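Q: Residue numbers (our numbering), protein chains in the order written: chain A, 168 to 703; chain B, 89 to 637; chain C, 276 to 558; chain D, 206 to 521.
Misleading hints may appear alongside valid ones.
Stated by the list, open to error - Once the Cα atoms are required to be at most 25 angstroms apart in a straight line, the calculated SDA-like pairs of lysine to any residue come out as:
1. B:LYS210 / D:VAL422
2. A:LYS329 / D:PRO254
3. D:LYS216 / B:ALA375
4. A:LYS574 / C:SER321
5. B:LYS219 / D:LYS438
6. B:LYS615 / B:TYR373
7. D:LYS438 / B:GLN216
8. D:LYS216 / B:TYR373
9. B:LYS210 / D:ALA263
10. B:LYS554 / B:LEU344
11. D:LYS298 / A:LEU386
12. A:LYS678 / D:PHE364
13. A:LYS446 / C:GLN336
14. A:LYS377 / D:ALA263
15. A:LYS446 / C:ILE529
16. A:LYS533 / C:HIS320
17. A:LYS574 / C:PHE313
18. D:LYS438 / B:GLU200
19. A:LYS531 / C:SER321
20. A:LYS592 / D:ARG261
21. A:LYS446 / C:ALA524
It should be emphasised that the hints constitute simulated quantities derived from the structure, not laboratory data.
Given the structure is predicted, the values throughout are model-derived calculations rather than measurements.
Chain residues, written in single-letter form:
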Amino acid sequence: MTDKITNWTSADDAMVENAIRRGASRRELLKMLLAGGAAFAASSMVLGRATNAVAATPVSGGTFKAAGWSSSTADTLDPAKASLSTDYVRCCSLYNRLTFLDKDGVTQMELAESFDSKDAKTWTVKLRKGVTFHDGKDLTADDVVFSMKRHLDPTVGSKVAKIAAQMTGFKAVDKSTVEITLADPNADLPTILALHHFMIVQDGTTDFSKGNGTGAFVLQTFEPGVRSVVTKNKNYWKSGKPHLDSFEFIAISDDSARVNALLSGDINFAASINPRSMKLLDSQQGFELSKTTSGNYTDLNIRLDMDPGKKADFVAGMKYLVNREQIVKSALRGLGEVGNDQPVSPANVFHNPDVKPKAFDPDKAKFHFQKVGLLGQSIPVVASDAATSSIDMAVIIQAAGAEIGMKLDVQRVPSDGYWDNYWLKAPIHFGNINPRPTPDILFSLLYASNAPWNESQYKSPKFDKLLVEARGLLDQAKRKEIYGQMQSMVSEEAGTIIPAYISNVDALSSKVKGLEANPLGGMMGYAMAEYLWLEA
Amino acid sequence: MSNLVEVRNLRIEATTDAGRVVDIIKGVSLDIADGEIIALIGESGSGKTTVALSLMGHARPGCRITGGAINVNGKDMAALSEKERAKLRGTDIAYVPQSAAASFNPASTIMEQVIEVTRIHKLMPPEQARKRAVELFRALSLPDPDGIGARYPHQVSGGQLQRLSAAMALIGDPKLVIFDEPTTALDVTTQIDVLKAFKSVMRAGGIAGVYVSHDLAVVAQIADRIVVLKGGEVQETGTTAQILSGAQHPYTRELLAAFEPKPRQAQAEASANQLLRIDNVTAGYGAVREDGLPLIRAVNSVSLVVEKGRNLGVIGESGCGKSTLARVIAGIHPAAAGDIVFDGKELQRAAGNRSQDQLREMQIVFQYADTALNPAKPVEDIIARPLAFYHRLDRQARSKRVDELLDMVRLPKTLRYRHPSELSGGQKQRVNFARALAANPKLIICDEITSALDTVVASAVIELLKELQRELGLSYIFISHDLSVVEAICDDIMVMYNGERVEQITPDKVNAATHPYSKLLFSSVPKLDPTWLDGLVRDPELVSQYGHR
Amino acid sequence: MTMTRAAASGRSFLGHSYNLVGVIASLVILAWTLIAIFAPYIIPHSIGDIVDDDYFGPMRQGLWLGSDYLGRDMLSRVLMGARYTVGISLAAVAISCFSGVVLGMIAAVTGGWLDTCLSRFLDAMNSIPSKLFGLVVVAAVGSSIPVLILTLAVIYIPGAYRFARALAVNINTMDFMTVARVRGESTIYLIGSEILPNIIRPVLADFGLRFVFIVLLLSGLSFLGLGLQPPLADWGALVRENIGGLPFAAPAVIVPSLAIASLTISVNLLIDNLPKKIRDRDA
Amino acid sequence: MKSGILNLVLKRLATTVVTLLIVLFAVFFATSMLPGDTASILLGQAATPEAVAGLREAMHLNDPAILRFLRWLFGLLHGDLGTSYANEMPVAKLIGGRFVNTMELAGITTLLSVPLALTLGITAAMLRGSIYDRTVTILSIGIISVPEFMVATLAVLVFAVYLRWLPALSSVNEAHSLTDLVRIYAMPVITLTFVISAQMIRMTRAAVIETLSTPYVEMALLKGASRSRMVLKHALPNALGPIVNAVALSLSYLVGGVIIVETIFNYPGIAKLMVDAVATRDLPLIQSCAMIFCLGYLLLITAADIIAIMSNPRLR
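Could you put together the complete structure from these sequences and hints?
A: Below is the structure:
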């Protein structure tokens, strides 16, 4: 239950209290909340928190069955190759990372005991003692070095090869200490190593289908594209964990089929349910919704180096044309928060709330479009299912454009091959960015002049200088001030419009306890298996 | 009750496509005494089969028994329920179908089907039924009576199937047996054996019978009394002798007239030029052997000559290769060996390589007009097509010529807008012929064109052919298994047996044929005299060598 | 597949006998075709507009068929959907039946090696499941209306070919074909004037049946996300995107399914009750 | 007589091989036209040029497609289906479990739908023109006209969500007891039975009606046979040819056409595997699945022909 909800005021709290006293039914409550404009639909969430404030003590035992939304023959247990939620969940249950992000986005230690560095360039990592792999071998520095080095080898095809490139040297000082040297200073190294891809595997592993890690569960069966079953790791180094005996993870691509599976009791947990199925869940007893604003967003990119993005007025006009509230309400069914065209989400400690997005103003938009003579021309906008809800957003913007005589031609393209053929290439297209733990990763990945994923080709030397300066700073207050300034620059000057941060909603049966929000994504940053338990 | 069967003004109606209701049987009454065999005579469409079937209380789909009484063996079939009628079928009254080949279920053995009546009505245990069946097979002089039961219908000849269907009818010891034109589909020689078998079995069991047919000669051999039907009404009844000697009703007289041999006018003598000559032509089916001849040789080195203005008749039983010969001459089925000379010029074997004029001058007319005329096109288009194709006539000229052609074949002009399915058998064959004439041919090959027609209609068509020959100087090759038709029109007759030409004679020397097979063939044609069948004595050795055992 | 005519009274008109079921069915089909033609002019809202703040809204004044999952007007989307479902399916079935029948007749008349290799090839095509074939094609060239029409047409050509060839082979053995061939007629004449008139009636019945299969396959493809591009949507896509409304019987999912059913059922009924030519003018 | 069937089977095997080759070449040609390749799709957003190049090297995707296809074909002769690009597992292992699932579902559906369809078809033909006949015809027309995902979703909603009698998913690996098996297979089998039996009913009814109008059936009537004896003993054996053909066509749908049912019930069958394979451009997997569909179709057609021949002594 997220207890850190940004726009939840005490007035709303009072409203809920007296509603319960009057015996308001769940349906009325939902209507009241929606009408009240609070961009927060999952009333059961609130109900959950208000009634059983005292969390019951964890119960051990039971089999937990969860369903994600996509799987294929390309499923893998190799953390470096993990490409989607299904892979992350399985890796989290089998392996551990050096560090992890807790529900407040603060970096906590896991396999590492301590991270220290004087100049943020060379880091010494002390490993925890007494940690063993599933096959009984002890965790040593060599395993960490092997796990880090393999990201640089192109034949591995690691998803974070670019981020790992900045780590130039790894040395096993002794059995339980590792020294990491960076190309240039980066204060966020501990947070970076909390990414799922940096899970620690045993030295020399080539066949990852065994899932031999140090994690809370041991692999029982794995059929790519079908299912995986893991069982409790008796001698797990975290005492008292995990609570579950066995955890099965499958994937159901059809949204309504996934919800129906939950409702019929076949599965206890349905990840990332479609906003349209919300109404159905609401009418059933015994089910909860868990909403997390994790920083995942779908953005509309207008390339500044190509027509029509070249004309500043066009970009400004488009920013006025985007009705952010309607997108959150209709496209995301209220499960999201209005965005201010910059990548650092409210869930991140460095978020700068003072940066205000441009209000929805069709007339101003029309004025800008007329100035550059683009009114009435048909402008192609590429969207796809690959970028969540991008089609619904495109249709809403298209409808708004039609009102003022602006013809936006929405072209929906198939999802396979989208990132390869259309993303970063089409003049106006939608993208989708997964959450990243630190503003430094986000900015260097997306907005730096030489950024590999510079979606709108935003080039600003001043911005690049600030980026490098902030990276090496160890003083958090100064860094927050610089990152705040960078966020307003991006919101003003870049060609990328971020209408909203998408909240990830998972649905679960009331018997499942222990679930918390996490900035790295739904299902407690995919690591829920370790923390959940099943009430009798 | 002296009569086994008493039918009092039976009325049956049928509903046509457009829902119009038409009376097809208008008040028929007849009686059948015990052990008596009566014949129902009439052209196709006269209602004779419908009346016969009504004796079993059965009406074909679309028809309904609406009035009158049908007392059979004391029970009124019209009044009984379907269940009760079913009890009588096969036990009291049995049925012998027209084409036995189609009436046997291809998927089960002959014995099973023959003894099925005993199993349906639980008359006797299966073992006893089998023994009874074998006795009947022997009585019907079927070959290998013990073994034939195990075979499937397609492994047995048409004649044998016909006799097996009789066994099937008799196994239930019926009081009355209905024979529905059982021998029409058979060759003349086989017909004799079948009729002999029927007659002996019926007489031995003293069973009453109804023999439906359109062939007066056949009926004369087997029936005691004859009922003549036309348009669903009884024209005349009487004993066989009365009908044959002094028939009153004009229609009956017409039937009898069709049997007298027509006086033949003197034909143009063997004129000098030969229209068509073929020299030892061989053709057949199946894989071609190394000597270039096909495995199965249907036509075996046959030679013949057709003079201008004279007709050649080709006669033989089914399977003797006469149709294949016709197709070889027309080029439809290219010959494997031998050459064909037409109007002095050597013809290519396959029609495809012949010149358009050669194709035009030689036309072929087929037996079944239903398949020879395109059902989807009106008569005028069918006749006009050769005019457009060969003579490039424009619309008016074609339309005028079509009218002339319709007159030539004695058809009313109003027929031109009708589709073939709306014409009678005779009319269809005339349209078929008009199409051939449209090409102004020199030679017309007629392949069994009258076999599917009633005797009366057939003789009319023959008359037409003769007139046209006189007017247009045509010559015909007339192929048939029916001697009387060939005698009526042809100047020379060629007899074929087993793919070979056994003899060529002129019509007047028919009785003085030399080759044994021709003798057997010509002697098997039934005569109007009722005692002919009993008196017929056939050289057994001849029959065994040439007849279809 | 003949259904007895006893049920309906037979009225005759223009030389054909009609019956009640056949007439009703053809009226329904006519209605949908007219809607398909005049859809753009009669729809109250454009199909992209969001007109209702709530989603899966009930039927009411102004929004006669309720609203869909985004709050768009269902009536206009169904009417425009008719244009795509009927239009695309009709175009596809026309192409597939035309080419299937022509190929079938040519194969039957020429026979020999052309017949065998054509049959072999099209039989092979038949073995690839239709939805997967659609998937591969759309994945290769993207999904636009012409691509959809061609894909649907190609999927059903083998079926039309086999059906027409069987009929034509039957007609080919008839004597009037032999007479025409001996006359030296060309293959085109044999097909056009001799065979086609005889097999046109069963081919029309097959045409109707294939139309139904194509409508269903189109909605199947939409289910797999391979159908039309938003905001365009044929009925199958409408059912697919509003499937979320099924649990509480939202009109948004019920109406398009009824539309599909009404069209396919009436086509099926029409096939079984085609007007019969009156042929009882006795000689 | 036996030689009749033997050379038919041999001739049919020859055509099967030829057809199979045609299909494999057609599928190869289609897949080679697909944009992008396995490497770029697997890397997804992280697909930088050198990462893609590195992965292609690892998967040896660099040699030309035609060569890879021929190597797969050559491997096929030795019964080796090649290794999947996406996860380096042998294709046979990937397909193995799913093939069994598809066959199980197809088998159970056949056992249920074929007898049902035949009885309905035959009885409708026997009682032609009656109320029963018309209801069966209208029902079969109705069922044919409803898209299958409607049938499936409705079934799930009614039986799984509201009534909770049956599981919404068919997790086949939890079927330990017979009751489990029945519960798990109930829903997909019911849906599939709906989808394929309608067509079979119509075909059976038409075939039986046609044979009922033949002379030998009328002969049986004239021998006093009852209506049921006429149909079962005389009409049906001769109508077997077209009926068996229709059944074969419907069953071939069960192998490849059930992608929608598999998606809704999350049933791990081959159709979904083929969809994944196309999405990841996994050439060996696509070819193997296409081969299975083609073989399934051809074996069914051959079986239908053999049964038709056995039932008709004239051809035997």
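Q: Determine for every hint whether it applies to the structure shown.
A: Here is what the structure says about each hint:
A distance of roughly 20 angstroms separates the Cα atoms of LYS210 of chain B and VAL422 of chain D; the hinted pair therefore holds under the 25 angstroms criterion. Distance restraint check for LYS329 of chain A and PRO254 of chain D: the Cα-Cα separation of roughly 12 angstroms lies within the 25 angstroms cut-off, and the hinted pair is therefore satisfied. With a CA separation close to 18 angstroms, the supplied pair LYS216 of chain D and ALA375 of chain B stays within the 25 angstroms bound. For the hint linking LYS574 of chain A to SER321 of chain C, the alpha-carbon distance of about 13 angstroms falls within 25 angstroms, and the restraint holds.
With a C-alpha separation of about 23 angstroms, the suggested pair LYS219 of chain B and LYS438 of chain D falls inside the 25 angstroms cut-off, and the hint holds. Under the criterion of a C-alpha separation no larger than 25 angstroms, the hint pairing LYS615 of chain B with TYR373 of chain B is inconsistent with the structure, at around 37 angstroms. Pair hint LYS438 of chain D plus GLN216 of chain B holds up; C-alpha atoms about 22 angstroms apart against a cutoff of 25 angstroms. Restraint check for LYS216 of chain D and TYR373 of chain B: the C-alpha separation of about 22 angstroms stays at or below 25 angstroms, so the hint holds.
For the hint pairing LYS210 of chain B with ALA263 of chain D, the CA-to-CA distance comes to about 81 angstroms; that exceeds 25 angstroms, so the pair is violated. This hinted pair checks out: LYS554 of chain B and LEU344 of chain B have alpha carbons roughly 21 angstroms apart, not beyond 25 angstroms. Straight-line distance between C-alpha atoms of LYS298 of chain D and LEU386 of chain A comes to about 19 angstroms, which keeps the hinted pair within the 25 angstroms bound. With a C-alpha separation of about 23 angstroms, the suggested pairing of LYS678 of chain A with PHE364 of chain D holds against the 25 angstroms cut-off.
This hinted pair checks out: LYS446 of chain A and GLN336 of chain C have alpha carbons roughly 23 angstroms apart, not beyond 25 angstroms. Distance hint between LYS377 of chain A and ALA263 of chain D is fulfilled; the C-alpha atoms sit about 21 angstroms from each other, no more than 25 angstroms. With a C-alpha separation of about 17 angstroms, the suggested pairing of LYS446 of chain A with ILE529 of chain C holds against the 25 angstroms cut-off. Pair hint LYS533 of chain A plus HIS320 of chain C holds up; C-alpha atoms about 22 angstroms apart against a cutoff of 25 angstroms.
With a C-alpha separation of about 23 angstroms, the suggested pair LYS574 of chain A and PHE313 of chain C falls inside the 25 angstroms cut-off, and the hint holds. At most 25 angstroms may separate the alpha-carbon atoms for a hinted pair to count; LYS438 of chain D and GLU200 of chain B meet this at roughly 11 angstroms. For the hint linking LYS531 of chain A to SER321 of chain C, the alpha-carbon distance of about 24 angstroms falls within 25 angstroms, and the restraint holds. For the proposed pair LYS592 of chain A and ARG261 of chain D, the alpha carbon gap of about 22 angstroms is at most 25 angstroms, so the pair holds.
Among the hinted pairs, LYS446 of chain A with ALA524 of chain C is consistent with the structure: their alpha-carbon atoms are about 12 angstroms apart, no more than 25 angstroms.
In this structure, the earlier hints numbered 6 and 9 are contradicted, and the remaining ones agree with it.
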